[in-house]
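S.K.: Sequence:
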Amino acid sequence: MSEKIYNMVDLETIEKLADIVSAKDLGEITIADGEKTITVKGKKCPPPMPPMGAPVMPAVPAAAPAAPAETPAAPKAPAGKAIKAPLVGTFYAAPSPDQPPFVQVGDTVKKGDVVLIIESMKLMNEVTSDVEGVVQEILVKNGDAVEYDQPLMILA
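Going left to right, the sequence shown walks through residues 1 to 156 as the numbering used here numbers them.
Simulated from the structure, these hints should not be mistaken for laboratory data.
Incorrect hints may appear among the rest.
[Unchecked claim] Restricting the straight-line Cα-Cα distance to at most 27 Å, the calculated cross-link-like pairs of lysine-lysine (DSSO-like) are:
id, residue 1, residue 2
1, Lys-84, Lys-122
2, Lys-81, Lys-110
3, Lys-141, Lys-81
4, Lys-24, Lys-41
5, Lys-16, Lys-41
6, Lys-81, Lys-111
7, Lys-16, Lys-36
8, Lys-110, Lys-84
9, Lys-141, Lys-84
10, Lys-36, Lys-24
11, Lys-141, Lys-122
12, Lys-141, Lys-111
13, Lys-111, Lys-84
14, Lys-81, Lys-41
[What the hints assert, rightly or not] Ranges between beta-carbon positions, derived for each pair:
id, residue 1, residue 2, range
15, Lys-81, Gly-143, 23 to 33 Å
16, Ala-94, Thr-37, 55 to 65 Å
17, Thr-37, Leu-123, 42 to 52 Å
18, Lys-24, Asn-125, 44 to 54 Å
19, Ala-156, Pro-95, 16 to 26 Å
20, Glu-12, Ala-145, 46 to 56 Å
21, Lys-111, Ala-145, 21 to 31 Å
22, Asp-144, Asp-107, 15 to 25 Å
23, Lys-81, Asp-144, 19 to 29 Å
24, Lys-141, Lys-111, 18 to 28 Å
25, Val-88, Ser-22, 25 to 35 Å
26, Lys-41, Lys-141, 47 to 57 Å
27, Thr-108, Ala-145, 55 to 65 Å
Where is the CB? At the ideal position from N, CA and C, for every residue including glycine.
Work out the full structure, taking the sequences as your base and the hints as a guide.
M.R.: Structure representation (structure tokens):
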């Protein structure tokens, strides 16, 4: 008969649990039988992973590029007046999927015209133009995630 610890669980069971924790590299394992509970802890658990959208900072600083010629040239900003995202969210070009977009390339925009919608926290926010001009380029696609102050449209 195996030796029981505190009249609860035999030593052989604890050893088997410890082997499982070690073999599977678990942080801990808990078993319960009625009012009896035993927890066997292994190595400390690693810290939780950051959310998928969060930027991951490297543990070691990255080395500087060997030569400036190896770095890709920064994309040129389109000439014209930019309409930028006033908040973080999802870009929508039209008030609903079955309606035409607020503006298209070639349309004339006046100050105060609604040019797009940004959905943020389940709220639809109409974005108005603070400049006048003709839509030269729309830089994002319908349904794209946009960041604060990101250029969305260029007006000439």
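S.K.: Which numbered hints are broken by the structure, listed smallest first?
M.R.: Hints 14, 25 and 27 not satisfied by this model.
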